[in-house]
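Visitor: Between the sequences and the hints, there should be enough to build the whole structure, so can you do that?
Chains as they are written, first to last, in the numbering used here: chain V, 358 to 882; chain E, 358 to 882.
Any given hint could be a false lead.
You can't tell identical chains apart in this list, so a pair holds if it fits in one copy or across any two.
Said to hold, decoys possible - With a Cα cut of at most 20 Å, we get these calculated EDC-like pairs of lysine to aspartate or glutamate: (1) K674 with D736; (2) K881 with D866; (3) K864 with D736; (4) K686 with D648; (5) K864 with D789; (6) K864 with E785; (7) K881 with D476; (8) K472 with E705; (9) K638 with E668; (10) K864 with E799; (11) K638 with D853.
Treat the hints as calculated values from the structure; they're not laboratory data.
Protein chains: 2
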Amino acid sequence: MTINGKLLIGARAQYGASAPFRAIDPATGQHLEPAFGTANLDDAERACMLAQQAFDAYRDTSLEQRAAFLEQIAQNILDLGPVLIERAMQESGLPQARLEGERGRTVGQLRLFAKVVRDGRWLGTALDSALPDRTPPRPDLRLRKIGLGPVVVFGASNFPLAFSVAGGDTASALAAGCPVVVKAHGAHPGTSELVGKAVMAAVASCGFPEGVFSLLHGDGRTIGQALVSHPAIKAVGFTGSRQGGMALVRTAAARPEPIPVYAEMSSINPVFVLPGAMGEKAGQIGTGFIDSLTLGSGQFCTNPGLVIAVEGEGLDKFIDAAATALQGKVGSTMLTPGIHAAYTSAVERLSGAAGVSLVARGQCGTTACAGQAALFVTDAANFLANPQLEEEIFGASSLVVRCTGAAQLRQIAEHLDGQLTATMFLTESDRDAALELLPALERKAGRILVNGYPTGVEVAHAMVHGGPFPATSDSRSTSVGAAAIDRFLRPVSYQDLPSWLLPAAIKDDNPLGLWRVRDGELVKA
Amino acid sequence: MTINGKLLIGARAQYGASAPFRAIDPATGQHLEPAFGTANLDDAERACMLAQQAFDAYRDTSLEQRAAFLEQIAQNILDLGPVLIERAMQESGLPQARLEGERGRTVGQLRLFAKVVRDGRWLGTALDSALPDRTPPRPDLRLRKIGLGPVVVFGASNFPLAFSVAGGDTASALAAGCPVVVKAHGAHPGTSELVGKAVMAAVASCGFPEGVFSLLHGDGRTIGQALVSHPAIKAVGFTGSRQGGMALVRTAAARPEPIPVYAEMSSINPVFVLPGAMGEKAGQIGTGFIDSLTLGSGQFCTNPGLVIAVEGEGLDKFIDAAATALQGKVGSTMLTPGIHAAYTSAVERLSGAAGVSLVARGQCGTTACAGQAALFVTDAANFLANPQLEEEIFGASSLVVRCTGAAQLRQIAEHLDGQLTATMFLTESDRDAALELLPALERKAGRILVNGYPTGVEVAHAMVHGGPFPATSDSRSTSVGAAAIDRFLRPVSYQDLPSWLLPAAIKDDNPLGLWRVRDGELVKA
Numbered sequence: 358m359t360i361n362g363k364l365l366i367g368a369r370a371q372y373g374a375s376a377p378f379r380a381i382d383p384a385t386g387q388h389l390e391p392a393f394g395t396a397n398l399d400d401a402e403r404a405c406m407l408a409q410q411a412f413d414a415y416r417d418t419s420l421e422q423r424a425a426f427l428e429q430i431a432q433n434i435l436d437l438g439p440v441l442i443e444r445a446m447q448e449s450g451l452p453q454a455r456l457e458g459e460r461g462r463t464v465g466q467l468r469l470f471a472k473v474v475r476d477g478r479w480l481g482t483a484l485d486s487a488l489p490d491r492t493p494p495r496p497d498l499r500l501r502k503i504g505l506g507p508v509v510v511f512g513a514s515n516f517p518l519a520f521s522v523a524g525g526d527t528a529s530a531l532a533a534g535c536p537v538v539v540k541a542h543g544a545h546p547g548t549s550e551l552v553g554k555a556v557m558a559a560v561a562s563c564g565f566p567e568g569v570f571s572l573l574h575g576d577g578r579t580i581g582q583a584l585v586s587h588p589a590i591k592a593v594g595f596t597g598s599r600q601g602g603m604a605l606v607r608t609a610a611a612r613p614e615p616i617p618v619y620a621e622m623s624s625i626n627p628v629f630v631l632p633g634a635m636g637e638k639a640g641q642i643g644t645g646f647i648d649s650l651t652l653g654s655g656q657f658c659t660n661p662g663l664v665i666a667v668e669g670e671g672l673d674k675f676i677d678a679a680a681t682a683l684q685g686k687v688g689s690t691m692l693t694p695g696i697h698a699a700y701t702s703a704v705e706r707l708s709g710a711a712g713v714s715l716v717a718r719g720q721c722g723t724t725a726c727a728g729q730a731a732l733f734v735t736d737a738a739n740f741l742a743n744p745q746l747e748e749e750i751f752g753a754s755s756l757v758v759r760c761t762g763a764a765q766l767r768q769i770a771e772h773l774d775g776q777l778t779a780t781m782f783l784t785e786s787d788r789d790a791a792l793e794l795l796p797a798l799e800r801k802a803g804r805i806l807v808n809g810y811p812t813g814v815e816v817a818h819a820m821v822h823g824g825p826f827p828a829t830s831d832s833r834s835t836s837v838g839a840a841a842i843d844r845f846l847r848p849v850s851y852q853d854l855p856s857w858l859l860p861a862a863i864k865d866d867n868p869l870g871l872w873r874v875r876d877g878e879l880v881k882a
Numbered sequence: 358m359t360i361n362g363k364l365l366i367g368a369r370a371q372y373g374a375s376a377p378f379r380a381i382d383p384a385t386g387q388h389l390e391p392a393f394g395t396a397n398l399d400d401a402e403r404a405c406m407l408a409q410q411a412f413d414a415y416r417d418t419s420l421e422q423r424a425a426f427l428e429q430i431a432q433n434i435l436d437l438g439p440v441l442i443e444r445a446m447q448e449s450g451l452p453q454a455r456l457e458g459e460r461g462r463t464v465g466q467l468r469l470f471a472k473v474v475r476d477g478r479w480l481g482t483a484l485d486s487a488l489p490d491r492t493p494p495r496p497d498l499r500l501r502k503i504g505l506g507p508v509v510v511f512g513a514s515n516f517p518l519a520f521s522v523a524g525g526d527t528a529s530a531l532a533a534g535c536p537v538v539v540k541a542h543g544a545h546p547g548t549s550e551l552v553g554k555a556v557m558a559a560v561a562s563c564g565f566p567e568g569v570f571s572l573l574h575g576d577g578r579t580i581g582q583a584l585v586s587h588p589a590i591k592a593v594g595f596t597g598s599r600q601g602g603m604a605l606v607r608t609a610a611a612r613p614e615p616i617p618v619y620a621e622m623s624s625i626n627p628v629f630v631l632p633g634a635m636g637e638k639a640g641q642i643g644t645g646f647i648d649s650l651t652l653g654s655g656q657f658c659t660n661p662g663l664v665i666a667v668e669g670e671g672l673d674k675f676i677d678a679a680a681t682a683l684q685g686k687v688g689s690t691m692l693t694p695g696i697h698a699a700y701t702s703a704v705e706r707l708s709g710a711a712g713v714s715l716v717a718r719g720q721c722g723t724t725a726c727a728g729q730a731a732l733f734v735t736d737a738a739n740f741l742a743n744p745q746l747e748e749e750i751f752g753a754s755s756l757v758v759r760c761t762g763a764a765q766l767r768q769i770a771e772h773l774d775g776q777l778t779a780t781m782f783l784t785e786s787d788r789d790a791a792l793e794l795l796p797a798l799e800r801k802a803g804r805i806l807v808n809g810y811p812t813g814v815e816v817a818h819a820m821v822h823g824g825p826f827p828a829t830s831d832s833r834s835t836s837v838g839a840a841a842i843d844r845f846l847r848p849v850s851y852q853d854l855p856s857w858l859l860p861a862a863i864k865d866d867n868p869l870g871l872w873r874v875r876d877g878e879l880v881k882a
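Guide: Below, the structure written as structure tokens:
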């Protein structure tokens, strides 16, 4: 399949009439062919109107049809073969093995949502029987969930496959019965086009209305804002910077009809090393921590940007081991020149911050945008007094905070902003400290880990990739895992409908074989 | 129990130091004793801080403890006896039977949430087994939901018991494990104090931390805004005007940490009478419609403010029957002088609107704030051209829209804003029209009724009292029924926790006997 730089609006591929641009290979700084035309406001309008027109027919598809569609997208992505991986490598600077793994994750995600759709628990069906003899009589009431409506998804830079055109947001919105308009990320337009065509082909081969999916290139400030402002759009999925996310939140809130925005924005993923664990395995934790910190140049939302521990021999050993490990890490290419520049200047700023000392740097890489990892240390009093030390640095930079005792560990936990993850390293001997810390971490984070590193985010039923603000704009949900579908649903109650008018999910004889809450009890009969 | 005009801040009843006020009996316009002191900003601060301090201990109570607490509140309300009903009658102008029914509803609601809490499905537990031999190994992942944190609840004027101090918002927030700070409605401060003391006594007798519940009197613009702005507060429940709700939404969005607001605001609850039904039973539908319209002086969120039907003999018969029924209805006391004045001037405005004719008025009541019901008619073209005809009039006023045919029925359905309810009257012969209308109504409303009137809102598992904006500020939820608890929850994932650190809900041996999603399958083992 060749990349020709076109927008995909419903069934039509057309060259965007606005400011053309080329992708940049961050390893070389060179532009890549071809040029991509960007969307104008008419293109955005057309994509949104097609999505609106497609909504009723798409949400009316059977669970099986919708599941098969998601599986077809997965197959079409696999069928793209090496061309997809090669283009993604060029556009992102990420290595082949990582992108092949990410393709597996993307395909696995689509297949998981196919299973979720078939299973139908997301419909949240409940039936309350009529009680005609009660005073007053109780009507027959039945509840199911339906899609919110067309969703705009913003591709993320750091997962050009798994959180981009057919990534988690798109898969969960499509699973929920919502048409999707993707605003492609400018860093990987070719990858986006290839995946977009895979989705478009699945829409066609399943016989679905063309408006189920569109893909636009364009600037976030113009096309992105136009999409979020459009009356046909009913929800937004975004992964990126806090500034970008909050701009969308503000736009969505200012609409005549405000809509939900699921923005995954900013997290420093604190790692608490409790005294018992530090005493037993400081060196091992320190080495593992550097592996997690430098994975993918530190460009994970769950990158561990903060380590909190009580000062002493153990912490010194941890820092020594981390420093040694870090000095052996060669910087790899970061995603874009912009991200590389922002990382470099943030590390420079932190180097000059009062009360902060550099522990070690990684080795310089050889590519144009190679990030050089960095580890800093400060004390708890300084950290607590300087909110800017809590700001996310996107890339492989982390800060160790020395505490005077367990009370200060808890003080820092209470002080922290909302996070995607919070980690404790502990042993049996840390039982009391861990039990005391846990409630604070539950209030602060979407996922709590013990004796592990937060960078791996499993696509599963029990995963939460979310958390209190500013980790996300909506802590009531997750963007990774089966529960992500819940973001794009709303409940509808049906009172005294004749059986011929009832949707299948809530018909008497349970033709879909769903788990349903019947008069308060969960049953499958 | 005597009413002494005090604020209830945690375990302390104290007289508010700010501007004292007295309730007004809307039937006479007279002030009622005693005077209520209002809260100042220090009082708001103290209530919020107590709620924050109580949160961890309260959410850590067992399901049984929390359920028993809700049941104790219900019992304490019943134990107030006739004094509660008498005071509520004086403050609201609502008749005894209605308030006794509403007390039953309030108590039933608390008991339903006790059952919901014990059942534990709201915890949304999921467990994914570790796969240590996979490459990379999969960790052990477990998910449960926890409360968002302290919630501010605004008492509603129109349900002084069922949607006020211990009403649906409070019951569902407490069920979710969230402490509650109530901003009492100024129209029924005595009723609020009585119910507040019933909650306060239950907190004490259950041995819970005092901050689980506080009750403040004060102005929405000062105390209400201060509560919503306070960093300890994590969500808001509100039922009232669109203007009031949107002010809270804006304040919550402008906080350094934005929080969700569940505001139930504005709905005109369209009733579509399809041609077959109109042909068969126009008179009967018209008479029943007036009963629903005038129930409780039309002061229900689900009051039917709009009737849409195709012009012809049937519609004429409907209008005749409705007019006759309306002329026999004597206006009863409205909730407050302010609501009565707003209703009167809105009806006056509608009487003078271009293209709108008065069909009939009800009889004048004899009390100070008696509302005089009104029915108007217009045609579809005029309705579609004048958005102000779609604005909610709070009270017993409704507008009939004459359509030229079925296509115009659908056009109006598509044109309407979001609604709490949408109703169809139909017979077998309306099958095609109903099937065509249903998808539009699903997009517009939280509850769809057939051959009934929307004013009754059952407290049940399959109820949705919610809907797209501006019916509510968040269509993803309901404020009535078992699912209301979901509004105040967020998911937390636990990765590789040792068993001694795991919350009971997600321990291996399922000590709470919950339904759980284990490796994707719903099981109770």
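Visitor: Evaluate each hint against the coordinates.
Guide: Hint check results:
no.	hint	result
1	K674 with D736	within (16 Å within a copy, 82 Å between copies)
2	K881 with D866	within (10 Å within a copy, 23 Å between copies)
3	K864 with D736	neither (62 Å within a copy, 37 Å between copies)
4	K686 with D648	within (9 Å within a copy, 77 Å between copies)
5	K864 with D789	between (52 Å within a copy, 19 Å between copies)
6	K864 with E785	between (53 Å within a copy, 18 Å between copies)
7	K881 with D476	both (12 Å within a copy, 17 Å between copies)
8	K472 with E705	neither (47 Å within a copy, 57 Å between copies)
9	K638 with E668	within (15 Å within a copy, 82 Å between copies)
10	K864 with E799	between (40 Å within a copy, 16 Å between copies)
11	K638 with D853	between (64 Å within a copy, 18 Å between copies)
Hint violations for this structure: numbers 3 and 8, all remaining hints satisfied.
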